[in-house]
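S.K.: Below, each chain spelled out in residue letters.
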Amino acid sequence: METQALLTAVEQKLKAQFPEGYVSSELIADYPTFIVKRDSILDVVKFLYNDVDTSFQYLTTLATIHYPDHTGQEFAVMYQLHDLRKNLRIRIKIFFSSSDTHVPSITSVFSAANWMERQEFDFFGIIFTGHPNLKRILNMDEMTYHPMRKEYALEDGTREDKDDKMFGR
Amino acid sequence: MSTKEKSKVETADAPPGIEGPGFFATRIDKVVGMARANSLWPLPFATSCCGIEFMATMASTYDLGRFGAERLSFSPRQADLLMVMGTISKKMAPVLRQVYEQMAEPKWVLSMGACASSGGIFDTYSVLQGIDRVIPVDVYIPGCPPRPEQVLDGILQIQKLVESESIRRRDTPEYKALLNKYGME
Amino acid sequence: MSKDKNTSKEIVEKEYSTLNLGPTHPATHGIFQNVLKMDGEIIMDSESTVGYIHRAFEKLAERRPYYQITPITDRLNYCSSPINNMGWHMTVEKLLGIEIPKRVQYMRVIIMELARIADHVICNSVIGVDTGAMTGFLYIFQMRERIYDIYEELCGARLTTNIGRIGGLERDFTPKAWALLDQFLVDFPPALKEFENLLMRNRIFMDRTINCGPISAERALNYSFSGPNLRAAGVDYDVRVANPYCSYEEFDFIIPVGTQGDTYDRFMVRQGEMWESVKIIQQAIAKIKKEPAGIYHADVPEFFLPPKEEVYNNMEALIYHFKIVMGETEIPKGEVYHAVEGGNGEVGYYLISDGGRTPYRLHMRRPCFIYYQAYAEMIRGGLLSDAILTMSSMNVIAGELDA
Numbered sequence: 001m002e003t004q005a006l007l008t009a010v011e012q013k014l015k016a017q018f019p020e021g022y023v024s025s026e027l028i029a030d031y032p033t034f035i036v037k038r039d040s041i042l043d044v045v046k047f048l049y050n051d052v053d054t055s056f057q058y059l060t061t062l063a064t065i066h067y068p069d070h071t072g073q074e075f076a077v078m079y080q081l082h083d084l085r086k087n088l089r090i091r092i093k094i095f096f097s098s099s100d101t102h103v104p105s106i107t108s109v110f111s112a113a114n115w116m117e118r119q120e121f122d123f124f125g126i127i128f129t130g131h132p133n134l135k136r137i138l139n140m141d142e143m144t145y146h147p148m149r150k151e152y153a154l155e156d157g158t159r160e161d162k163d164d165k166m167f168g169r
Numbered sequence: 001m002s003t004k005e006k007s008k009v010e011t012a013d014a015p016p017g018i019e020g021p022g023f024f025a026t027r028i029d030k031v032v033g034m035a036r037a038n039s040l041w042p043l044p045f046a047t048s049c050c051g052i053e054f055m056a057t058m059a060s061t062y063d064l065g066r067f068g069a070e071r072l073s074f075s076p077r078q079a080d081l082l083m084v085m086g087t088i089s090k091k092m093a094p095v096l097r098q099v100y101e102q103m104a105e106p107k108w109v110l111s112m113g114a115c116a117s118s119g120g121i122f123d124t125y126s127v128l129q130g131i132d133r134v135i136p137v138d139v140y141i142p143g144c145p146p147r148p149e150q151v152l153d154g155i156l157q158i159q160k161l162v163e164s165e166s167i168r169r170r171d172t173p174e175y176k177a178l179l180n181k182y183g184m185e
Numbered sequence: 001m002s003k004d005k006n007t008s009k010e011i012v013e014k015e016y017s018t019l020n021l022g023p024t025h026p027a028t029h030g031i032f033q034n035v036l037k038m039d040g041e042i043i044m045d046s047e048s049t050v051g052y053i054h055r056a057f058e059k060l061a062e063r064r065p066y067y068q069i070t071p072i073t074d075r076l077n078y079c080s081s082p083i084n085n086m087g088w089h090m091t092v093e094k095l096l097g098i099e100i101p102k103r104v105q106y107m108r109v110i111i112m113e114l115a116r117i118a119d120h121v122i123c124n125s126v127i128g129v130d131t132g133a134m135t136g137f138l139y140i141f142q143m144r145e146r147i148y149d150i151y152e153e154l155c156g157a158r159l160t161t162n163i164g165r166i167g168g169l170e171r172d173f174t175p176k177a178w179a180l181l182d183q184f185l186v187d188f189p190p191a192l193k194e195f196e197n198l199l200m201r202n203r204i205f206m207d208r209t210i211n212c213g214p215i216s217a218e219r220a221l222n223y224s225f226s227g228p229n230l231r232a233a234g235v236d237y238d239v240r241v242a243n244p245y246c247s248y249e250e251f252d253f254i255i256p257v258g259t260q261g262d263t264y265d266r267f268m269v270r271q272g273e274m275w276e277s278v279k280i281i282q283q284a285i286a287k288i289k290k291e292p293a294g295i296y297h298a299d300v301p302e303f304f305l306p307p308k309e310e311v312y313n314n315m316e317a318l319i320y321h322f323k324i325v326m327g328e329t330e331i332p333k334g335e336v337y338h339a340v341e342g343g344n345g346e347v348g349y350y351l352i353s354d355g356g357r358t359p360y361r362l363h364m365r366r367p368c369f370i371y372y373q374a375y376a377e378m379i380r381g382g383l384l385s386d387a388i389l390t391m392s393s394m395n396v397i398a399g400e401l402d403a
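These protein sequence lines are chains A, B and C, in that order. Going by my numbering, the first sequence opens with residue 1, and the numbers climb by one from there. Going by my numbering, the second sequence opens with residue 1, and the numbers climb by one from there. Going by my numbering, the third sequence opens with residue 1, and the numbers climb by one from there.
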């Protein structure tokens with residue numbers, strides 16, 4: 001099924017099943033992308049998992065993007081699903097504001113999301129409700145901030161030996 | 001007596017000493033230094049890519065066993081040489097320090113690769129910018145990753161250090177001052 | 001019969017012991033910590049701690065221009081770094097809309113398959129070492145030195161290669177590289193056969209590895225396994241076949257698949273893949289002979305650095321050189337995802353560009369990170385030595401796991 005047909009097929013299904021949750025759909029670089037509301041993401045994922053025609057039962061990856069300039073929609077979480085039998089890939093995005101960073105966890109559907117969501121919590125501070133073990137995974141447990149957010153620098157702020165001028169920063 | 005052709009194998013030279021029929025007298029620190037240098041037991045603290053180059057150094061082409069360092073010891077209590085190979089993050093630094101403190105004297109530290117020596121290309125919030133922030137280092141090997149020949153050169157430098165150090169250097173004031181700088185006694 | 005007081009109906013409370021398979025352990029190839037709850041020798045439960053080599057690749061990538069990110073991708077799965085490099089180049093080429101000539105694609109295929117052989121050589125020989133068979137490791141590692149020689153001739157580095165450029169390769173294959181490659185294809189199959197004869201039907205090896213750390217296909221799919229670990233469980237998902245890139249659809253190769261998902265199946269799948277890689281390299285060499293010689297990059301002067309002789313003599317080349325190095329080229333805004341079949345599975349790059357010199361967001365889909373979650377489930381109920389063997393057969397590379 002080529003990508004435009006896949007886009008329209010899934011779009012119709014989502015519009016029918018989630019009239020309030022569905023926001024929009026787009027073909028970005030030949031990849032069907034659907035934007036849904038944050039609270040319906042778990043139901044959308046479950047629906048696509050159990051659907052008979054296109055059952056997206058493989059979670060490729062999930063990632064967070066921080067847009068500090070888009071007030072009201074600072075964070076986006078992107079899920080990529082894959083239907084291995086028919087070899088179809090789609091992307092689902094949710095947008096939400098930085099004042100309330102709670103997102104329903106999809107660990108009940110995909111066990112792979114366990115560590116993926118922990119990584120997003122570690123890097124961005126997104127709190128996944130319903131996650132069995134939401135704590136930091138890659139950074140030190142004692143770290144107090146979420147480093148991938150745009151306001152934090154790459155380098156460690158406490159180092160005193162590297163002169164920023166000489167290192168071109 | 002038939003003339004043998006010159007053998008291509010070079011053994012380690014005996015230290016200077018007085019030789020006679022049935023005896024050989026030399027200084028004890030020379031003998032001990034020679035014994036220590038040619039039978040180092042390394043502890044490969046391999047964390048990332050430099051560890052794979054270490055595996056290549058241990059394999060047949062660049063055989064590290066030629067220099068006596070074939071018996072790897074993963075227990076700090078039994079090791080002489082701590083080879084830190086790869087990036088050490090801030091999460092790993094306390095583990096590295098604990099391993100160093102558990103090693104028995106005499107002990108030397110070899111920092112292999114750019115990441116262990118200075119943080120390497122990763123000037124980030126999570127990487128320790130050089131292991132000499134937590135433990136004293138004897139020899140640094142630059143490279144990303146260093147070629148096996150460079151690793152062997154580093155081992156030879158360590159061997160030179162080992163040969164020339166005093167037997168009980170742990171009692172010398174300089175060594176004590178060095179350890180105090182790192183907060184260890 | 002008399003009841004002995006000691007074996008009466010009172011329930012004996014089992015006390016589980018805790019064993020720390022610590023970050024520094026000889027058999028965990030890489031630094032991972034597992035705290036195991038053991039009932040004698042049998043593992044009841046385990047909890048993994050990762051992140052001991054977290055180097056902040058994703059944050060680092062937001063600071064570096066596109067061509068400077070290649071050395072970072074090297075350090076993901078450093079046993080097969082050319083595959084990561086090529087995956088990254090293909091992602092950026094997808095963003096920029098660059099079409100790569102066929103000859104360059106076949107050369108990239110050769111480089112990637114050599115890297116796959118190198119990765120599987122390490123994994124399989126280390127499985128042997130963990131069962132106690134050190135000889136296989138020493139014998140087959142010589143072949144990895146040959147691959148290092150080829151990479152050195154192509155790009156100058158042995159392990160972390162930074163090979164290729166956006167738009168092609170940095171230089172054509174030299175005659176010495178072709179000679180080394182041909183010699184490798186003559187010497188590798190007998191060496192691999194020798195390695196196989198040592199381990200494949202070895203009674204002791206089979207007893208150690210069969211039924212050791214199994215996982216079913218349903219659980220593997222739920223944990224988003226990919227690569228040899230998934231194929232050992234019985235699912236024939238290979239990115240080279242599902243979403244072909246770099247002309248892989250023109251090559252003729254099979255996907256080896258296992259049945260039980262245990263250590264022996266993972267070993268055998270990797271062995272099979274090495275044989276298939278040899279076939280693919282031979283086909284690629286034959287295809288390259290039919291293409292016009294001398295092409296090693298696409299004709300995109302805006303993104304591919306011109307040769308230095310032209311920069312000093314030709315005004316246009318000077319301007320392009322300046323623009324590329326200073327970051328004045330127009331990078332289109334966009335959002336792409338590209339995946340390649342790495343040594344451990346689907347290595348994906350999700351790139352968001354906002355038109356600037358550096359990516360706005362780069363997320364790397366790292367297969368090791370995703371499938372290592374299942375480790376606790378795979379070793380439950382097994383012995384401690386099986387846990388060690390399971391970890392080495394899953395080919396967990398610390399650099400890819402922590403990024």
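If you are wondering where the hints come from, they were derived from the structure by calculation, not from laboratory data. There could be a bad hint or two in this list.
As a list, the in silico DSS-like pairs of lysine-lysine whose alpha-carbon atoms are at most 25 Å apart [claimed, not checked]:
| no. | chain 1 | residue 1 | chain 2 | residue 2 |
| --- | --- | --- | --- | --- |
| 1 | C | K37 | A | K135 |
| 2 | C | K289 | C | K279 |
| 3 | C | K308 | C | K323 |
| 4 | C | K94 | A | K93 |
| 5 | C | K176 | A | K86 |
| 6 | C | K289 | A | K165 |
| 7 | A | K93 | C | K333 |
Given the structure is predicted, the values throughout are model-derived calculations rather than measurements.
S.K.: Indicate, hint by hint, whether the structure satisfies it.
M.R.: Hints, one by one, checked against the model:
1. C/K37 - A/K135: This hinted pair holds, its Cα atoms lying about 21 Å apart.
2. C/K289 - C/K279: 16 Å, holds
3. C/K308 - C/K323: 14 Å, holds
4. C/K94 - A/K93: At roughly 21 Å apart (the allowed maximum being 25 Å), A/K93 and C/K94 satisfy the hint.
5. C/K176 - A/K86: 44 Å, violated
6. C/K289 - A/K165: 51 Å, violated
7. A/K93 - C/K333: The hint holds at about 18 Å.
When each numbered hint is compared with the structure, violations occur for hints 5 and 6.
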